[in-house]
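Given the structure of chain G, go ahead and fit chain B onto it with the hints provided.
Chains as they are written, first to last, in our numbering: chain G, 1 to 113; chain B, 114 to 225.
Treat the hints as calculated values from the structure; they're not laboratory data.
Possibly wrong hints are sitting among the right ones.
With beta-carbon atoms standing in for the labels, derived distance ranges [claimed, not checked]:
#: 1; chain 1: B; residue 1: THR133; chain 2: G; residue 2: GLU56; range: 28 to 36 Å
#: 2; chain 1: G; residue 1: LYS58; chain 2: B; residue 2: LEU196; range: 39 to 47 Å
#: 3; chain 1: G; residue 1: HIS72; chain 2: B; residue 2: THR120; range: 34 to 42 Å
#: 4; chain 1: B; residue 1: ARG176; chain 2: G; residue 2: GLY1; range: 17 to 25 Å
#: 5; chain 1: G; residue 1: ASP59; chain 2: B; residue 2: ARG131; range: 42 to 50 Å
#: 6; chain 1: B; residue 1: LEU196; chain 2: G; residue 2: LYS68; range: 19 to 27 Å
#: 7; chain 1: G; residue 1: SER28; chain 2: B; residue 2: GLY116; range: 32 to 40 Å
#: 8; chain 1: B; residue 1: LEU174; chain 2: G; residue 2: SER9; range: 23 to 31 Å
#: 9; chain 1: G; residue 1: LYS68; chain 2: B; residue 2: THR126; range: 28 to 36 Å
#: 10; chain 1: G; residue 1: GLY16; chain 2: B; residue 2: ARG135; range: 37 to 45 Å
Note that CB positions come from ideal geometry on N, CA and C, so glycine has one too.
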Amino acid sequence: GENVEQHPSTLSVQEGDSAVIKCTYSDSASNYFPWYKQELGKGPQLIIDIRSNVGEKKDQRIAVTLNKTAKHFSLHITETQPEDSAVYFCAASISSSASKIIFGSGTRLSIRP
Amino acid sequence: DSGVTQTPKHLITATGQRVTLRCSPRSGDLSVYWYQQSLDQGLQFLIQYYNGEERAKGNILERFSAQQFPDLHSELNLSSLELGDSALYFCASSGQGSYEQYFGPGTRLTVT
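One chain only, chain G, in its complex shape:
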């Protein structure tokens, strides 16, 4: 069935450095790829998303890239700050249901001061 794999499961970076989280998806018809940030005790927050007709999208310090051929997409956070510490989830839409998305298993990002 459809699935989304996410790596790494944990990531620790020095404050100011960059962080990269990678995901792969199985459904070649997926066309929507959101990223969510979940802080402790809160619900997931949509931070950025990308559609299949775009290869890259940026929003200040975060960017997403999509390689449809390889079925890979990645989240890049530059100039990391302590408030970036959280669990990040990637997700991909499912062709069989236009509004259904499947989530990766999450990456726990820690920013070292």
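Positioned in the frame of chain G, the structure of chain B alone reads:
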């Protein structure tokens, strides 16, 4: 604040009991989604409603059911509760024709 509200925030109950979780979507959103997040687990899609009708189903147990009312709020009913049902339950909503899902703060269910 996403605009999605969920009540209650916490719920503690015993095995075999039944509980109801409530969700109010963002103003104007017609779709409501329910997810389960167990400890250190990802988000498992349970069910989606659109304007009062069931739209998509995930790995929802037969002991669980949901509905969406005319005012668009939704309820998730969990019955014959087991210890393994202890989890965070999130509701999300999206607008018509939109893929973007906005999550509520969740309900933490503890079954003892």
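### Query
Looking back at the numbered hints, which does the structure fail to meet, lowest number first?
1, 6 and 9
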